[in-house]
Each structure stands twice: as C-alpha cells, then as structure tokens.
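Please take these sequences and the hints and turn them into a complete structure.
Numbers 3 to 115, taken from the numbering used here, label the letters of the sequence shown in order.
Just so you know, these hints were derived from the structure itself, not from any lab. Hints may contain errors.
[Said to hold, decoys possible] Taking CB as the label site, the calculated pair distances span:
id: 1; residue 1: THR99; residue 2: THR72; range: 39 to 49 Å
id: 2; residue 1: GLU15; residue 2: THR109; range: 45 to 55 Å
id: 3; residue 1: ARG57; residue 2: PRO81; range: 13 to 23 Å
id: 4; residue 1: ARG83; residue 2: THR61; range: 30 to 40 Å
id: 5; residue 1: ARG43; residue 2: THR96; range: 50 to 60 Å
id: 6; residue 1: ARG83; residue 2: ASP103; range: 18 to 28 Å
id: 7; residue 1: ALA47; residue 2: PRO81; range: 47 to 57 Å
id: 8; residue 1: ALA16; residue 2: ARG57; range: 21 to 31 Å
id: 9; residue 1: THR109; residue 2: ARG57; range: 22 to 32 Å
id: 10; residue 1: ARG43; residue 2: SER97; range: 51 to 61 Å
Ideal Cβ positions, reconstructed from N, Cα and C, are used throughout, including at glycine.
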Amino acid sequence: MPSVGIVRTWNVEAGWGVIDSADTPGGCWIHISTPSTVQHRGLDAGRSVYFEWERLPGTGIQDGYHYVATDAWYVGDEPFRRPKKAHPPGAYRTSLTITYDDGTVVTDDDTST
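This is the structure in structure tokens:
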C-alpha cells in the first residue's frame with residue numbers, strides 16, 4: 003500500500019526531489035526515472051502524492067536520505083504502469099553459421115530480448 007506525502011522540493015536540472023511523510027522520517031529521495039514521475043517530467047513542490055518507497059539497507063543513504071521512492075503519483079491520479087507484453091519484442095537477433103573444411107554446416111539461431 004502506498005504512503006501519502008507532500009513534495010518538499012524538486013530539482014528540475016538534477017532530476018530528483020524529496021517527499022515528506024510520517025512513514026519516511028527525514029524525507030524520501032525520488033528520481034525522475036520512476037515510472038509515474040516520468041509521465042509528469044518531475045513533481046511540483048507542495049503537491050500531495052502517493053508514493054511507494056524502500057529503506058536503503060544498513061546505513062545506506064542517497065544524497066543524505068535513508069529512504070528512496072520507487073514510484074510516486076499525484077493524489078487523484080492513477081499510477082502509470084507500463085503494459086506487459088505477451089511476447090518478447092524480438093528487437094535483438096543473432097545467428098551463427100559455421101562451415102567446416104569437410105563441408106559440414108552448423109547453424110545456430112539465438113533470439114534474445
């Protein structure tokens with residue numbers, strides 16, 4: 003279940019900001035690359051958001067914060083979810099054909115995503 007918070011700050015040039023919430027004392031760091039944030043090209047300071055987060059393990063910190071948001075979206079909006087594809091896109095394909103001196107031909111196809 004997502005937490006509710008308020009965007010404390012958003013640095014447009016750096017592409018990251020901080021969300022304040024009782025669930026993430028001291029603030030929660032968020033990057034522009036989170037799925038729903040990408041849709042808005044960032045977040046507006048002062049706006050209420052739902053956000054999903056994780057605590058960094060041990061004494062880990064990101065730019066001074068112990069919590070990192072994995073997604074965030076404005077209250078009243080739906081989170082952006084990329085549609086799952088039924089089949090791999092097939093954007094990458096390789097093949098190999100080896101012809102030995104004796105005329106033997108070995109072919110192997112590798113289709114990866």
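Hints, one by one, checked against the model:
no.	hint	verdict
1	THR99 to THR72: 39 to 49 Å	holds (44 Å)
2	GLU15 to THR109: 45 to 55 Å	holds (51 Å)
3	ARG57 to PRO81: 13 to 23 Å	holds (20 Å)
4	ARG83 to THR61: 30 to 40 Å	holds (33 Å)
5	ARG43 to THR96: 50 to 60 Å	violated (36 Å)
6	ARG83 to ASP103: 18 to 28 Å	violated (55 Å)
7	ALA47 to PRO81: 47 to 57 Å	violated (20 Å)
8	ALA16 to ARG57: 21 to 31 Å	holds (22 Å)
9	THR109 to ARG57: 22 to 32 Å	violated (51 Å)
10	ARG43 to SER97: 51 to 61 Å	violated (40 Å)
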